[in-house]
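Protein chains in written order, with our numbering: chain A, 1 to 135; chain B, 1001 to 1135; chain C, 2001 to 2135; chain D, 3001 to 3135; chain E, 4001 to 4135; chain F, 5001 to 5135.
Calculated from the structure, these hints are not laboratory results.
It is possible that some hints are incorrect.
Said to hold, decoys possible - Sample of chain E residues with no beta-carbon within 12 Å of chain F, all distances over it, derived: (1) Thr-4005; (2) Lys-4032; (3) Lys-4050; (4) Glu-4052; (5) Thr-4055; (6) Ser-4096; (7) Glu-4098; (8) Glu-4109; (9) Thr-4125; (10) Glu-4126.
Stated by the list, open to error - If you want a taste of the chain E side facing chain B, the calculated C-beta under 7 Å gives, among others: (11) Asp-4056; (12) Gly-4058; (13) Phe-4059; (14) Gly-4114; (15) Cys-4115; (16) Arg-4116; (17) Leu-4117.
Said to hold, decoys possible - Here are the computed distance ranges between Cβ atoms for each label pair: (18) Lys-5071(F) to Pro-3113(D): 23 to 31 Å; (19) Glu-28(A) to Ser-1022(B): 37 to 45 Å; (20) His-3111(D) to Asn-5018(F): 20 to 28 Å.
Just so we're clear, the structure is a prediction, and the values are computed from it rather than from any experiment.
Ideal Cβ positions, reconstructed from N, Cα and C, are used throughout, including at glycine.
6 protein chains.
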Amino acid sequence: MFYLTRRETFNGAHRLSNPNWSEEKNVEVFGKCANRNWHGHNFELFVTVKGEPDTDTGFIINVHELSRIMKQEVTEKLDHKNFNLDVPELKDKMPSIENIVKVIWQWLEPHLPGCRLHCIKLVETENIYVEYYGE
Amino acid sequence: MFYLTRRETFNGAHRLSNPNWSEEKNVEVFGKCANRNWHGHNFELFVTVKGEPDTDTGFIINVHELSRIMKQEVTEKLDHKNFNLDVPELKDKMPSIENIVKVIWQWLEPHLPGCRLHCIKLVETENIYVEYYGE
Amino acid sequence: MFYLTRRETFNGAHRLSNPNWSEEKNVEVFGKCANRNWHGHNFELFVTVKGEPDTDTGFIINVHELSRIMKQEVTEKLDHKNFNLDVPELKDKMPSIENIVKVIWQWLEPHLPGCRLHCIKLVETENIYVEYYGE
Amino acid sequence: MFYLTRRETFNGAHRLSNPNWSEEKNVEVFGKCANRNWHGHNFELFVTVKGEPDTDTGFIINVHELSRIMKQEVTEKLDHKNFNLDVPELKDKMPSIENIVKVIWQWLEPHLPGCRLHCIKLVETENIYVEYYGE
Amino acid sequence: MFYLTRRETFNGAHRLSNPNWSEEKNVEVFGKCANRNWHGHNFELFVTVKGEPDTDTGFIINVHELSRIMKQEVTEKLDHKNFNLDVPELKDKMPSIENIVKVIWQWLEPHLPGCRLHCIKLVETENIYVEYYGE
Amino acid sequence: MFYLTRRETFNGAHRLSNPNWSEEKNVEVFGKCANRNWHGHNFELFVTVKGEPDTDTGFIINVHELSRIMKQEVTEKLDHKNFNLDVPELKDKMPSIENIVKVIWQWLEPHLPGCRLHCIKLVETENIYVEYYGE
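Isolated chain A (complex conformation) (with noise of 0.2 Å):
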């Protein structure tokens, strides 16, 4: 079994705020996420996808094909949106990065030919990350 990860990157703006809490409770829990008024990201998605390599190409994935599957379904759907606005999947949710890969790995997964996928990797910041391996 050999894993092959490609990264695409997008920025966003989000807002961390739960409506069911006061303002009071919301700045608590979330300081300065919960700005009223957004804040933003720039975020690295790492896609990985398990398999073994094709014989005629040496390949598990093509991974031009693995880059034009991860901006079709995923990096045209949040690249510059909002995440609480802008995006079906997250309304009814935080759009904390958990939240946000769950998500991703749904969108992803039923469109990898010849491959299974192996994990969501998404950096918020170059001190935080979140990886789901769908289970």
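Got chain A sorted already, so can you dock chains B, C, D, E and F onto it with the hints?
Same frame as chain A, but now just chains B, C, D, E and F:
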């Protein structure tokens, strides 16, 4: 003459949109950066000062003091903020990184004891940055 | 199961020298790392925790809380310290990064509310790091 | 169990082109990577070994010894080489990073004293890498 | 005056070998870089332009336009190419990064609307880069 | 005029403490950097030379020769050393990076054949660096 550089990080949201233009023209010029619901970045700020080392300390400026000044004068005003809505000095300007570095220069320049401000460098993504030397 | 990683940095000094060996043998085994007058590194510490996101916050753990715990339990004990002289838990051990990650695990493991410690990764230089999963 | 990783770098040239296919099909599948006159990369090789720290040294393996083995068994065979023409073990294979990591595993696995090979990770660009765990 | 820098990446193959010298002298001077079967690198190109921000856009130059020009004038000519064989402007020259940056300057300088070219920086490995300011 | 930069790395230990001051004053000014038992860093040294490319080689200076000179004149004197105790040129000075770059300049400047030293840049952490141009 020695040049000392200190890095601080912050993140924020902005939108590039000229209020005198139609939405079509804004999208034509600014692309995704004109998106109505904002987007954001992790910014890296590099401040370079110049001077001669003090004989007692070996320092142009104490780097912890420089860090404290950068936080007080710059990152507290920009971190987790919406540059179009929350920053008075940017309200009448396009919040391009060119215009942001000039504002940062004006904030910092009066507050540097015993050395001179040399350069403000602001990195917006791994592929884009602006430098400004005060004139 | 989701995995969240937080990075903190610290620096310190150490020396690799086995007190039961001659200086010649120490230099033969440890090379420059045995130098009598110490040397040091900028260390990067990556702590990975695992759990399910909380419904109210979308978080496995609040990353600011994780950062606070890492500072209190780890970096305050190691930052700008001499690992051979200043850290009681390392005094009877070689301060290799293998032994340091085990100590960090023991410091952190009892203090993580609502999630489980998964991995301690300690980066000594851009070319060397160690990972430990608790067993 | 502890995991120690050492990075070494090398660069080389290769071409992705299946000799059983027409030039048109090669360009269709491999794009620019099929260019007849070669192209190349700076590769980063991360080798991870696992084991228990030795009581006398605190090391799974002496990292300078691991570096020496990586240079002798791997980078001397690949650095500044043409993988299609100069590397016998790759001559009958597509020199994809999937196939290169498997060859590196076979080169290194018999030469690691006192610890076990855990993972070979090969980074081709900042956006692409492959990992292999030996089976 | 403001300075805006844009990064693009490409990779290619080259060989350093003076046709007027013996193979022995080439190996003595250029070492592994003289290898007959080529080697290659991931190059990072940083282009810095200078000017005043436009009042309507806040930009010295639209960074997407700068990216488009860099791709059209530079990376399409160098990406996945053999610099000795495929690039007419380098055929009579040693394809050192010193000589490549001068060619890149000549390609880009006539194509920058509303601003002036300030610096071409070309990074060959994490340890080596060249800068050129046009004179 | 072309500018070529080479990076080398080293690590060392130091302490910032003015012998003419009380311990209280040293801690007040230097904070943790005054700790009696030393601390250390991974340093990155960037040396920039300037000149015209040689017609036969395309080089300002052979980068392998520059690397050899940097190792012989600088990193052998600083790597895995205690800057306060082991480096005669730093013994009467505070081992701040400002003072270290000046010493490095004096070590390197007489040893660069066929080109001129332009800049010494010394990076102490990802957040702090100093540059010196010889005057």
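* Of all the hints given earlier, name the ones this structure violates by number, lowest first. => The structure conflicts with hints 2, 6, 7, 9, 10, 14, 15, 16, 17 and 20, although it agrees with all the remaining ones.
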